[in-house]
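**Student:** As a plain string of letters, each chain reads:
2 protein chains.
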Amino acid sequence: MSTEPSGAADPRAKTVLRAREGIALPLRAGERLRITNLHGGQVVDTWALARTDLREYLSMQHTRTSLGKLVPVTGDHLYSSSRRPLLTLVDDTSPGAHDTLIAACDRERYRQLGAAGHHANCADNFRRALSVRGIQPDHVPSPLNLFMHIAWREDGGLEFLASPARAGDYVTLEAVTDVTVVLSACPMDLNPINAGGPQDVGIEVLPVP
Amino acid sequence: MSTEPSGAADPRAKTVLRAREGIALPLRAGERLRITNLHGGQVVDTWALARTDLREYLSMQHTRTSLGKLVPVTGDHLYSSSRRPLLTLVDDTSPGAHDTLIAACDRERYRQLGAAGHHANCADNFRRALSVRGIQPDHVPSPLNLFMHIAWREDGGLEFLASPARAGDYVTLEAVTDVTVVLSACPMDLNPINAGGPQDVGIEVLPVP
Numbered sequence: 001m002s003t004e005p006s007g008a009a010d011p012r013a014k015t016v017l018r019a020r021e022g023i024a025l026p027l028r029a030g031e032r033l034r035i036t037n038l039h040g041g042q043v044v045d046t047w048a049l050a051r052t053d054l055r056e057y058l059s060m061q062h063t064r065t066s067l068g069k070l071v072p073v074t075g076d077h078l079y080s081s082s083r084r085p086l087l088t089l090v091d092d093t094s095p096g097a098h099d100t101l102i103a104a105c106d107r108e109r110y111r112q113l114g115a116a117g118h119h120a121n122c123a124d125n126f127r128r129a130l131s132v133r134g135i136q137p138d139h140v141p142s143p144l145n146l147f148m149h150i151a152w153r154e155d156g157g158l159e160f161l162a163s164p165a166r167a168g169d170y171v172t173l174e175a176v177t178d179v180t181v182v183l184s185a186c187p188m189d190l191n192p193i194n195a196g197g198p199q200d201v202g203i204e205v206l207p208v209p
Numbered sequence: 001m002s003t004e005p006s007g008a009a010d011p012r013a014k015t016v017l018r019a020r021e022g023i024a025l026p027l028r029a030g031e032r033l034r035i036t037n038l039h040g041g042q043v044v045d046t047w048a049l050a051r052t053d054l055r056e057y058l059s060m061q062h063t064r065t066s067l068g069k070l071v072p073v074t075g076d077h078l079y080s081s082s083r084r085p086l087l088t089l090v091d092d093t094s095p096g097a098h099d100t101l102i103a104a105c106d107r108e109r110y111r112q113l114g115a116a117g118h119h120a121n122c123a124d125n126f127r128r129a130l131s132v133r134g135i136q137p138d139h140v141p142s143p144l145n146l147f148m149h150i151a152w153r154e155d156g157g158l159e160f161l162a163s164p165a166r167a168g169d170y171v172t173l174e175a176v177t178d179v180t181v182v183l184s185a186c187p188m189d190l191n192p193i194n195a196g197g198p199q200d201v202g203i204e205v206l207p208v209p
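First to last, the sequence lines map onto chains A and B.
Position 208 of the first sequence, counting from 1, maps to 208 under the working numbering, and the rest follow consecutively.
Position 60 of the second sequence, counting from 1, maps to 60 under the working numbering, and the rest follow consecutively.
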């Protein structure tokens, strides 16, 4: 038996999410998840499902509606398909470029971009990470794309730009209620969003303060 | 037996969608659906499901990604969750304000806006219209909100403005493949989006040219 505090023995406490891979992490209300751009320039697709009802998902369309904003900032709640806050963005040391507009990359996206053969993708990472925990999602919700820089013009045009996140920049999300969070270190290498090519991401679960 | 052309006998040919109500309409590839703002200022929440796979839905996040735009314009395809074009926006006589950002209104939205008791809403209209056709959707996708004026600022702030659609303005959607389209004459009366309060909407299915 370990005599360390239970938080220190938590296998979720500090880990590395490998480039191009996904992970699902249960969080209890009050726990915080810190997502660190270890090398800079890396997009992290982020989802959450309520633990009490797996059909209730973190929803970008409901978050935009509740916030009246395209992009959440520090202090904002992130809302579910039932208009409940699931997460709070409690800390952000990055330049603040995050995206709520763009769908998760998937096999068809890479086929249309000219990839030859199979390409790792965020939609498969989402499904696989949940499958490991016995969850079969009915669809792939539109993710919160942390560190992703999608610029909007006055005329509504969108541009896919390189992530401005620097090495060591992090975002901290706090669970408002019990959730399962899914992260994917986006494998995109056919447009400029991942500034240095797909890279590893740091993940740390911080105990309830 | 009618001796009129078959198109004229089609019960979908020309109808009125009552204010605050919804309807589901099957469209075959090539058929066109004209949606007319009979009185001006009315938002129409619009969804589509592929007939070959009801899990494939018209997706605002995939449409924004494929178009590189916040709002589609005449000539644009509207894309599914599988990145296939389901519809084409072939005609638009309105000022062009349409929205892809805001979730369908639902019971909780009206509760949060202070409505007392039950309030008609687009999410229930979507589910009810499909239920009549024996379809139980697994979630309510983010709709294409025709005629809805959501303005975005440079800083990402969003504003809910009155629909600028005039009486008689219409949008025509062409089915690229066989789809079921769902429309809801949005019942919102607690913010300014429906300029004249909820109003009836004209619907017309035009035969393959």
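For the record, the hints were derived by calculation from the structure and aren't laboratory data.
Predicted model, so just to flag it, every value in this text is computed and none were measured.
Even glycine gets a Cβ: it sits at the ideal position worked out from N, Cα and C.
Treat the hints with care, as some may be off.
Said to hold, decoys possible - Which chain B residues face chain A? A few, computed with CB under 8 Å, are given here:
hint, residue
1, 59
2, 82
3, 83
4, 97
5, 101
6, 109
7, 110
8, 136
9, 139
10, 156
11, 157
12, 178
13, 204
**Student:** Any hints from earlier that this structure breaks? Give me their numbers in increasing order, please.
**Tutor:** The structure breaks hints 4, 7, 8, 12 and 13; every other hint is satisfied.
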